[in-house]
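S.K.: From first to last, the protein sequence lines are chains X and U. Mapping of the first sequence onto our numbering: position 92 corresponds to residue 92, and the numbering continues sequentially without gaps. Mapping of the second sequence onto our numbering: position 71 corresponds to residue 71, and the numbering continues sequentially without gaps.
Some hints here could point you the wrong way.
[Unchecked claim] Listed next, the stretches of chain U that the computed footprint assigns to chain X, with coverage defined by at least 3 CB atoms under 8 Å from CB atoms of chain X: (1) 34-42; (2) 79-89; (3) 103-113.
Everything labelled a hint here was simulated from the structure, so no lab data went into it. Here a beta-carbon is modelled for each residue, glycine too, at the ideal position from N, C-alpha and C.
The lines below spell out each chain.
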Amino acid sequence: KAGVTQTPRYLIKTRGQQVTLSCSPISGHRSVSWYQQTPGQGLQFLFEYFSETQRNKGNFPGRFSGRQFSNSRSEMNVSTLELGDSALYLCASSVGLAGGLTEQFFGPGTRLTVL
Amino acid sequence: GESVGLHLPTLSVQEGDNSIINCAYSNSASDYFIWYKQESGKGPQFIIDIRSNMDKRQGQRVTVLLNKTVKHLSLQIAATQPGDSAVYFCAEIGAGGTSYGKLTFGQGTILTVHP
């Protein structure tokens, strides 16, 4: 069974630009969560989607948004990029049963650098 | 607010020794705890999990202990190998309120295994 895939793996943008990252979950998984990982803040939850609906949201500004498609693939978008947005963005998928208390499988991440 | 933190940011051991990585959590309502291993350039990889109705769970060479009285979690790795060198994160999934179904990560412990 293929794991979680994320594209692109590396991305360089400049301040003020916007970026879209993609995540394909494990087949059969309906929940996709996004996390931001930085040396200073560690791993922080961005949001979770289940069946095309945002089910949970972290404490990030509205510049960070996401969506999920009917095939469970998900995208996240960051608009008006800031230097502090440079991070590893991780996607995780899970079966997504009621309660969300199931194992999450992570992709390799997208390394975003904002210049 | 809820938080999960680690006592020791770094741990160095000799190959063959047993390793113990500790984690404190603050949300007594958390229902599910997970240990992840993250190697350089990769996303977090599931190691072992434990639910709040358990005190101990064993896997292959790993044991997780949960002490709900003092809100403490530990990961024990037996016969540590150089391949175990990585950053280890504990994470909790909230059981209610705004934390429901959301993974909250600790800051991580760097484990270095010397041959």
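S.K.: Against the structure shown, which of the earlier numbered hints fail to hold, in ascending order?
M.R.: Of the numbered hints given earlier, the structure breaks just one, which is hint 2.
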